[in-house]
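Enquirer: The lines below spell out each chain.
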Amino acid sequence: MSALGILTAVLIIVGAAFYLAGTIGLLRFPDLHSRIHALTKADNLGLGFIVLGLLLQADSVSVALKLLLVWLLALAAAATSGYLIANHALESTSRERPDDV
Amino acid sequence: MSLFLIYALAATGLFVICLHGLITRAHLLRKILALNMMGSSVFLLLIAIAWRNRIDGVADPVPQAMVLTGIVVAVSATAFALALARRYHAETGETELSDEDGST
Amino acid sequence: MGNRDPLTDPGMLVRILSSVFSVALLAVLAFAVLDLGDEPTGLTSNVMERIDESGVAHPPTAVLLNFRAYDTWLEVAVLLLAAWGALALRQATRLPEQPAARSPGPVLDWLVRILAPLAIVTGVYLLWRGTDAPGGAFQAGAVIGAALVLLRLSGYRSVGLLSAFWLRGSLLAGFAGFLVVATALFLAGWSFLEYPPERAGLLIVIVELLITWTVAVSFVALFVAARPDPDDLGEESGGGHV
Amino acid sequence: MTFEMIFDGILAITLVWLCWRVLSAPDLFKAVVLFITFGLLMALAWVRLQAPDIALAEASIGAGLTGALMLDAVGQITGRRFPYIRSDQPAGEEGDHGQP
Amino acid sequence: MDTLYLAIAIFLLLNVLGGLIRILIGPSRGDRMLAAQLFGTTGVAIILLLAEALDQPALRDIALVVVLLAVINTVVFVRFAGRPTAQPGEPGS
Numbered sequence: 001m002s003a004l005g006i007l008t009a010v011l012i013i014v015g016a017a018f019y020l021a022g023t024i025g026l027l028r029f030p031d032l033h034s035r036i037h038a039l040t041k042a043d044n045l046g047l048g049f050i051v052l053g054l055l056l057q058a059d060s061v062s063v064a065l066k067l068l069l070v071w072l073l074a075l076a077a078a079a080t081s082g083y084l085i086a087n088h089a090l091e092s093t094s095r096e097r098p099d100d101v
Numbered sequence: 001m002s003l004f005l006i007y008a009l010a011a012t013g014l015f016v017i018c019l020h021g022l023i024t025r026a027h028l029l030r031k032i033l034a035l036n037m038m039g040s041s042v043f044l045l046l047i048a049i050a051w052r053n054r055i056d057g058v059a060d061p062v063p064q065a066m067v068l069t070g071i072v073v074a075v076s077a078t079a080f081a082l083a084l085a086r087r088y089h090a091e092t093g094e095t096e097l098s099d100e101d102g103s104t
Numbered sequence: 001m002g003n004r005d006p007l008t009d010p011g012m013l014v015r016i017l018s019s020v021f022s023v024a025l026l027a028v029l030a031f032a033v034l035d036l037g038d039e040p041t042g043l044t045s046n047v048m049e050r051i052d053e054s055g056v057a058h059p060p061t062a063v064l065l066n067f068r069a070y071d072t073w074l075e076v077a078v079l080l081l082a083a084w085g086a087l088a089l090r091q092a093t094r095l096p097e098q099p100a101a102r103s104p105g106p107v108l109d110w111l112v113r114i115l116a117p118l119a120i121v122t123g124v125y126l127l128w129r130g131t132d133a134p135g136g137a138f139q140a141g142a143v144i145g146a147a148l149v150l151l152r153l154s155g156y157r158s159v160g161l162l163s164a165f166w167l168r169g170s171l172l173a174g175f176a177g178f179l180v181v182a183t184a185l186f187l188a189g190w191s192f193l194e195y196p197p198e199r200a201g202l203l204i205v206i207v208e209l210l211i212t213w214t215v216a217v218s219f220v221a222l223f224v225a226a227r228p229d230p231d232d233l234g235e236e237s238g239g240g241h242v
Numbered sequence: 001m002t003f004e005m006i007f008d009g010i011l012a013i014t015l016v017w018l019c020w021r022v023l024s025a026p027d028l029f030k031a032v033v034l035f036i037t038f039g040l041l042m043a044l045a046w047v048r049l050q051a052p053d054i055a056l057a058e059a060s061i062g063a064g065l066t067g068a069l070m071l072d073a074v075g076q077i078t079g080r081r082f083p084y085i086r087s088d089q090p091a092g093e094e095g096d097h098g099q100p
Numbered sequence: 001m002d003t004l005y006l007a008i009a010i011f012l013l014l015n016v017l018g019g020l021i022r023i024l025i026g027p028s029r030g031d032r033m034l035a036a037q038l039f040g041t042t043g044v045a046i047i048l049l050l051a052e053a054l055d056q057p058a059l060r061d062i063a064l065v066v067v068l069l070a071v072i073n074t075v076v077f078v079r080f081a082g083r084p085t086a087q088p089g090e091p092g093s
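Residue numbers (the numbering used here), protein chains in the order written: chain Y, 1 to 101; chain S, 1 to 104; chain V, 1 to 242; chain D, 1 to 100; chain H, 1 to 93.
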């Protein structure tokens, strides 16, 4: 296995470890907001490392650009979703709503 | 246990579970979910067969095209059923169609 | 759900009977699957033999738009009926505006400004790729339609707000396009929906463009029409509680 | 026993289990979220069966239309303040049959 | 190398299985959506790994589409489906 291959393997394994951390955070953290915190960090970094590892194996510029685009979009989408869910939860708990059980 | 068998058996399992759900669940949304997944199970079986019939690594494109057609038909039917169910709910406040004997 | 006596409760009886039937059916189906054998059958070789005549290089696209164009044509008809039916349910002739909501907020607005154009570009890319790689009219239409839905959801409420004429026209475009092409070919001496090999590529591109547009508009129509119209019921308007 | 087969086996079992949970989960909202997950995993199954066209369609339709429609519908049907629910509806009803 | 990609893909699939527990136990709707959100990103990673392992470049387009459209579900949830607080009466698991 070439040095590049080893580096890819290491990066991908690190990425997978971040996913594991994210899942554990999702399961173990006590409330919604800390779960969001754990999750957005973990899955962004996890996907980031996996994309980085795969980038080293990319055989053309267009493949590399597509991988980067996927990662950047995932970053933006995850951050926004996390914000939206957190904001939503915050608003609904701070405001008393007669219709909530 | 080949890839074909794994997915084909999963497809039969899905089909039977969805059929059971379709019969026993009264809630309209649940029935729509069951119908949708039932369609997916049939597609899964067809695509598994297409994979089994591959020649030189090319899966049979005819079932694939059929399933592609089927997915669009399934999503149209699901969306229309949802529109009907929601209209029904808006009109009556009900989420189930009642039986003659009222046991829903 | 359980805890009920099957002798007195018909619902429980149905459940038990259905379970028994399901298990029996599972056994039959599993046996049928295991009995299929190993030798490949199917139409792969037939398709690959004649793919050069189809005008496209990607087998599923060739099947969809040339060899089995009938299926695709009728599929567009189903989509048309579903969208038209959903619109009729709310007795609207045009897409309504969504209930007034608070602004989507700067974060979502920022994201949508990036995502929606990119999604539309991706849709066009999938359409373009469809002739020789996975992708094609339906996937492209679905992605573009989803982008339009996303725009509507995030406060751009005029997106897809077509007049009745253009909305109906867009829903009809795919179906009508197929019909016109098929009729023209029929009059030119070919059989119905049989493309002349040397023109097939061009005709397929035209039909695909129309289908993409129809699928995209249908998706927006189906999504918006799924919400029952408060005005129809003479009640105060307002959809979700947001 | 190759890695491919392990992947397929886990995926197939998860699909069947998810389907069962979608139809038996007491909470409708939970069922819909599980259904969205089911769609995502289905796309993985299409990938494994060499049907990238279908995976593409499943991904775009599942994420872009079906999931959104289902969430919207469940919001209407379980939402207490949805204006169409008549006042004689019991206030605590989840809107799902089979709630204990 | 392909074996490593597949092994990691299996690992990520198992992660999804673990995350499903959060959907099952809730407690709030936001938690469930959050888990679904994580599955989207995990699915993208799995698809990218499979694209490399099975040598099917077209799969990267699928990953792109999943990423582009994943946010729609969250937006619909926040606007139309979110009855956000945990429900005390809801069954725990």
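It cannot be assumed that every hint is accurate.
Per label pair, the in silico range of CB-to-CB distance [stated by the list, open to error]:
no.	chain 1	residue 1	chain 2	residue 2	range
1	H	Ile21	V	Val28	47 to 55 Å
2	H	Leu14	V	Leu179	47 to 55 Å
3	V	Ala88	Y	Ala17	50 to 58 Å
Hint data in this document are derived by calculation from the structure and do not stem from the laboratory. None of these values were measured; they are calculated from a predicted model. Ideal Cβ positions, reconstructed from N, Cα and C, are used throughout, including at glycine.
Enquirer: Against this structure, judge whether each hint is valid.
Expert: Cross-check of the supplied hints:
| no. | hint | result |
| --- | --- | --- |
| 1 | H:Ile21 <-> V:Val28: 47 to 55 Å | violated (34 Å) |
| 2 | H:Leu14 <-> V:Leu179: 47 to 55 Å | holds (51 Å) |
| 3 | V:Ala88 <-> Y:Ala17: 50 to 58 Å | holds (54 Å) |
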